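Given next are the chains, with one letter for each unit.
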Amino acid sequence: MLSFISRRLGTMALTMLCLTLVVFFLINLEPNLKKLAISQTKMRTTAEQLESWLQRNGYRQNFFVRYGQWLGVVQKQPNIDPATGQAVPRFRFCNEAAEPTYSGILQGDFGCSTKFKTPVATKLFPALGATGILMFWVLVTMVPISLLIGILAGMREGSRTDRTLSVASIATTATPEYVSGVIFTVIFASWLGWLNGSAASASQGITFYNFTLPVMTLAIYGIGYIARMTRASMVEVMTQQYIRTARLKGLSFGNVVVKHALRNALIAPFTVIMLQFPWLLTGVVIVEVMFRYQGFGYTLVEAAGNNDIDLLLGCSLVSVFIVLITQLISDVGYAYLNPRIRVQ
Amino acid sequence: MQLEYIGAFQVVLGVLARFWPVWLAMAIVLVASFNFRKHLGLYGQLFDSGVGIAGVGICFFWLFTAIFAAKVAPFDPLSQIPVMKDALPGAIEPASKQVYLFGGDKLARDVFSRMVFGSQIVLIIAPAATAFALMVGITLGLPAGYYGGRIDSFLSFLANLVLAFPVILLFYLLVTPGIMDTPIPYAMAGVFFLFPIIFFSVLFYTRFKSRPERIYLLLGLTLLLGGWVYVGLVFNADPLGIISIDPNQLNIFVAVVFASSPGVFRIVRGLTMDIKTRDYVAAAQTRGETPWYIMLWEILPNARGPLIVDACLRIGYTTILLGTLGYFGLGLAPESPDWGTAIKDASRLLRSFIHPALPPTIALMSFVLGLNLLADALREQSMKD
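Sequence lines, in order, name chains A and B.
Using my numbering, the letters of the first sequence correspond one by one to residues 1 to 344.
Using my numbering, the letters of the second sequence correspond one by one to residues 1 to 385.
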């Protein structure tokens with residue numbers, strides 16, 4: 001088991017390295033650098049001035065040197081102002097060491113956000129916290145509801161309950177967040193006026209009034225999918241011999257479902273729920289933008305929209321990490337829950 | 001100036017009447033398919049269940065709407081008639097006496113016509129991108145599953161790499177105006193559009209290699225047609241000038257194919273690993289067939305059931321992805337009538353007007369729902385066999 005996990009961790013590190021390299025390459029494409037230079041020099045500048053700005057701030061160094069600096073395996077050189085001979089930080093809102101240092105991701109330095117004019121870490125981690133709260137409430141509503149629907153539908157395959165619930169879950173998987181978000185806002189905010197169509201105030205304090213719509217919108221898309229997986233798993237379990245045995249020895253139907261079927265039927269949905277995280281991530285971005293909730297997704301969109309290189313790199317690192325770690329947990333958890341599957 | 005309105009009931013009637021070419025075409029196709037359903041194989045079996053009929057019906061509805069969009073829509077999707085700004089549903093346009101059935105949006109365009117024309121964009125890009133993703137996934141998934149070993153590890157690693165990217169981040173990196181100045185989208189298009197040509201060439205070559213009269217014809221046709229489309233799409237240099245694609249759309253297309261082909265790859269790989277243990281594959285190996293013949297003519301036809309189901313779901317998912325792109329204003333032109341862009345425009349103004357938001361949302365939802373119902377019915381039918 002330990003060697004399995006360590007091998008998976010190794011693959012994970014390699015994947016992250018490759019992915020960050022790709023992201024780093026795509027973010028540092030020439031048009032993006034130009035845009036950054038234009039936004040940072042602020043005036044109407046000539047092409048030479050833009051070029052010299054890029055040169056001075058180290059954006060013209062070798063690609064791999066710069067990637068190494070970001071990663072923290074190559075020393076970062078201070079920027080020397082040619083006029084005074086003094087070291088000046090690249091961006092006036094972030095401190096930078098005056099002598100060559102290793103300061104990259106590995107040392108915990110995420111760089112400097114040009115959009116929010118602050119170090120990336122001070123922006124990124126509070127945003128992640130805010131998204132964590134959102135995710136918590138989404139999971140708290142999504143998981144029990146979807147498991148319940150799946151079990152009720154899969155308990156008696158082909159019954160009317162099954163048909164109705166299956167069609168309902170197909171309908172929710174056909175409703176992406178930006179569709180359900182609009183429909184819910186129209187119904188609950190514009191028409192009934194029960195809920196707030198914006199979650200901007202949720203950063204100060206979460207209330208039922210301002211937080212229900214985002215949570216609902218995010219949960220509804222996942223519910224259908226998890227419910228269908230639970231149903232499939234439940235249907236399979238209900239056809240097993242041990243269920244028939246339990247029925248034949250005279251246990252009531254409810255007892256069979258709760259005591260014998262449930263435990264075995266819930267193994268597959270566990271994996272599905274874990275693998276749901278990458279999808280939730282996209283949903284989080286849509287929902288946070290739609291309801292103006294200042295979380296991770298909102299930060300990502302702001303970073304991408306404003307060509308904020310370091311912040312966007314930080315965001316991609318975090319999201320790729322989340323995806324990979326949930327995959328690992330789902331694999332390990334599956335092996336742990338299901339004794340028939342032994343990790344080789 | 002005061003606008004005149006027609007009542008809600010008349011709006012419903014008007015909408016139903018505008019769709020008359022669609023109803024006509026649907027009636028012909030559905031009645032014909034229903035009567036001949038015994039002879040139509042898997043497609044005919046769909047008409048045995050209510051879910052299947054609903055799925056087929058919804059998909060045909062949007063297909064015919066896209067085909068007859070110019071007939072169905074009363075107005076041009078881009079033209080603005082200033083007096084109709086934010087008009088409520090059922091407002092009568094003074095000049096032509098035509099009705100804005102679903103009202104006007106903030107730029108005074110007809111919401112109904114935009115919804116109808118939006119279906120064209122979605123129904124061209126989504127199935128085409130899915131087809132390309134299928135080609136890429138099949139061409140790479142078959143050898144990965146069949147040979148295993150190094151090839152499998154390498155290709156699976158690549159697929160997992162792409163799958164580990166959150167879709168939205170991928171789009172923000174790949175679908176930007178800046179990237180069009182670089183050769184990246186064209187290089188990716190060059191790679192992806194090569195796969196169908198390779199696929200069909202190998203497909204025909206393995207089957208007919210001992211029959212020169214067929215092979216030269218088929219290979220020649222594949223290379224000619226494939227090369228023609230390839231030159232037109234990737235280099236935008238079609239000598240006849242028929243096939244061309246807007247750089248924006250090429251970019252979206254490539255990004256969507258890139259995002260969804262690893263999923264197909266995984267499914268094909270899994271299916272291949274399962275099917276290659278069957279007896280008929282062993283029989284083909286004993287006969288001395290080449291590996292690619294076995295993959296394409298023994299394994300692939302037997303994997304078609306799950307692949308068809310997956311393709312249906314995937315077209316729906318691609319539609320959702322296109323909507324996401326539109327919602328974030330990536331790639332498509334800002335005045336484009338596609339549903340995602342329309343939802344984005346309308347959702348900003350939900351506080352004041354809700355009517356421009358509902359038609360595109362319901363359109364997108366119903367189309368994806370139709371595809372999902374279709375996939376569900378197909379799965380049920382293929383399980384019965």
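By construction, these hints were calculated from the structure, which means they are not laboratory data.
Computed from a predicted model, the values in this text were never measured in an experiment.
Please note that the accuracy of each hint is not assured.
[Unchecked claim] Here are some, though not all, of the chain B residues that point toward chain A, as calculated from beta-carbon distances under 7 Å:
hint	residue
1	164
2	236
3	347
[Unchecked claim] Computed spacing ranges between beta-carbons, pair by pair:
hint	chain 1	residue 1	chain 2	residue 2	range
4	A	3	B	288	34 to 42 Å
5	A	292	B	82	42 to 50 Å
6	B	224	A	122	56 to 64 Å
7	A	30	B	285	48 to 56 Å
8	B	366	A	8	40 to 48 Å
9	B	76	A	49	18 to 26 Å
10	A	240	B	366	24 to 32 Å
Here a beta-carbon is modelled for each residue, glycine too, at the ideal position from N, C-alpha and C.
Hint check results:
Interface hint status for residue 164 of chain B: upheld, as the beta-carbon distance to the closest one in chain A is roughly 5 Å, under 7 Å. Hint on residue 236 of chain B is violated. Least Cβ distance to chain A is approximately 20 Å, over the 7 Å limit. Satisfaction of the interface hint for residue 347 of chain B is found here, the shortest Cβ-Cβ separation to chain A being roughly 5 Å, below the 7 Å cut-off. With their beta carbons about 41 Å apart, residue 3 of chain A and residue 288 of chain B fall inside the hinted range of 34 to 42 Å.
As the Cβ distance of residue 292 of chain A to residue 82 of chain B is approximately 30 Å, the hint placing it in 42 to 50 Å is violated. Roughly 60 Å separates the CB atoms of residue 224 of chain B and residue 122 of chain A, a value that falls within the hinted 56 to 64 Å. For the pair residue 30 of chain A and residue 285 of chain B, the beta carbons lie near 52 Å from each other, so the given range of 48 to 56 Å is met. For residue 366 of chain B paired with residue 8 of chain A, a C-beta distance near 42 Å keeps the hint of 40 to 48 Å intact.
Taken as a hint, the range 18 to 26 Å is violated for the pair residue 76 of chain B and residue 49 of chain A, whose Cβ atoms sit roughly 45 Å apart. For residue 240 of chain A and residue 366 of chain B, the hinted distance range of 24 to 32 Å is not satisfied, since their beta carbons lie about 38 Å from each other.
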